[in-house]
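There are 6 protein chains.
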Amino acid sequence: MKDWLPTLKTKTPEEGYELAVKLARVAVAMTQPDAEIRKKLRPEYATDFDALIASSQVVATHFATVSAANGYWQEQA
Amino acid sequence: MKDWLPTLKTKTPEEGYELAVKLARVAVAMTQPDAEIRKKLRPEYATDFDALIASSQVVATHFATVSAANGYWQEQA
Amino acid sequence: MKDWLPTLKTKTPEEGYELAVKLARVAVAMTQPDAEIRKKLRPEYATDFDALIASSQVVATHFATVSAANGYWQEQA
Amino acid sequence: MKDWLPTLKTKTPEEGYELAVKLARVAVAMTQPDAEIRKKLRPEYATDFDALIASSQVVATHFATVSAANGYWQEQA
Amino acid sequence: MKDWLPTLKTKTPEEGYELAVKLARVAVAMTQPDAEIRKKLRPEYATDFDALIASSQVVATHFATVSAANGYWQEQA
Amino acid sequence: MKDWLPTLKTKTPEEGYELAVKLARVAVAMTQPDAEIRKKLRPEYATDFDALIASSQVVATHFATVSAANGYWQEQA
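Protein chains in written order, with the numbering used here: chain A, 517 to 593; chain B, 517 to 593; chain C, 517 to 593; chain D, 517 to 593; chain E, 517 to 593; chain F, 517 to 593.
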């Protein structure tokens, strides 16, 4: 995995949120590098509400970081 | 999902809290894009206190971000 | 639910803590709007130590936000 | 429960840590106000390592807040 | 337990990390003061990956605090 | 374990993320120092989605710290 994170800056809060989702997924891929196994796990956790909520928590933590890195996109306000 | 997050700015803390709830839900929808499955899961986790508390935790994390983005709505104080 | 959060400012750290407890509970009520179901769940999670600790975690996250919003009540020190 | 949190300021990091432990426990007491039930639950979770770790997480979150409130006790350094 | 935390300042990030590990363990010891019980629990959770990850989460939260307290050891950079 | 963390500074966000992954793993190794046991646990949690998500959460917490330590790599933006 190379050059997947050149910057934490995004143009909009929405793109910042998408980056947070990506940041959450990369750690999973680093711990389980086998794409086949991840693919097999996906439908399981996507129907497990505990896992869905826990995933959303990881996104929330990264979104805090990305938001701070972008000065909360103040100019948008 | 497009243009759902133009800004992190809200007029009041209450609207900021509602935005935090929305931010928590969007990650779930991104991981489980099938609205029918989400609809089926909803009554299950809404009666599961562990899931309710975990959802509240995600909202808390996003509310911290939204509050910081709004300078804690200081002018309201 | 209207006008329940006019400001994050409180007079004392203690009132800030009470606000954090309220912030934790509102998310639960938004996910499970039926007060009867919440009432039924309450004695169950109030005797479940995992749930009690998880609830305390949500309060801790909100208390961090409320404390920052109040400049940590510096004048009290 | 009255006047249990006059300030977030403490003289030392150690007292700050003790305050964090107190902040973690008060939320539990607010959710389960019956001291008898809490007393009965205590030996159970104190021998459950998942619960011990989760409790330590709550303390960590509060300790972050208390440390920030005290400017990290810079003068001690 | 006395005088175990004179300061949050450490010479290096590495010592800061060790302090974070210590901060995570002290809360466990305060909730379960019996060293014999803690000793008995240790081999159990040290072979339980959920507990190992949860412990690492507590360390991460404390490391954030210790890092901030040390200005992220900027002079090392 | 010596000299594994000379600085929190990294050249790029990507290297910062890799450092966050490392920070998450070191705490596991400190709690379970036996490399053989860790090796045996690895395939188990790498196929357990709850564990994968929880690991990603720890990385997210450390990434917040590393990002702050690097001023969010502003010059990259």
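Because the hints were derived from the structure by calculation, they are not lab data. Honestly, I wouldn't trust all of these hints.
Computed Cβ-Cβ distance ranges for the label pairs, DEER-style [claimed, not checked]:
id	chain 1	residue 1	chain 2	residue 2	range
1	E	Lys527	A	Gly587	29 to 37 Å
2	A	Lys538	C	Ala545	26 to 34 Å
3	A	Lys538	C	Glu552	25 to 33 Å
4	D	Pro549	C	Ala551	15 to 23 Å
5	D	Trp520	A	Ala545	22 to 30 Å
6	A	Pro549	C	Lys518	27 to 35 Å
7	F	Trp520	A	Glu552	47 to 55 Å
For glycine and all other residues, C-beta sits at the position ideal for the given N, C-alpha and C.
Status of each hint after checking the structure:
Between E:Lys527 and A:Gly587 the Cβ separation comes to about 32 Å, which falls inside the hinted range of 29 to 37 Å. Taking the beta carbon of each, A:Lys538 and C:Ala545 are about 32 Å apart, inside 26 to 34 Å as hinted. Our hint of 25 to 33 Å for A:Lys538 and C:Glu552 is violated, since their Cβ atoms are close to 41 Å apart. Between D:Pro549 and C:Ala551 the CB atoms are about 19 Å apart, so this pair conforms to the stated range of 15 to 23 Å.
The supplied range of 22 to 30 Å is broken by D:Trp520 and A:Ala545, whose beta-carbon atoms lie about 46 Å from each other. Evaluation of the 27 to 35 Å hint for A:Pro549 and C:Lys518 yields a failure: the beta carbon distance comes to about 50 Å. Between F:Trp520 and A:Glu552 the beta carbon distance is about 32 Å. The supplied range of 47 to 55 Å is therefore violated.
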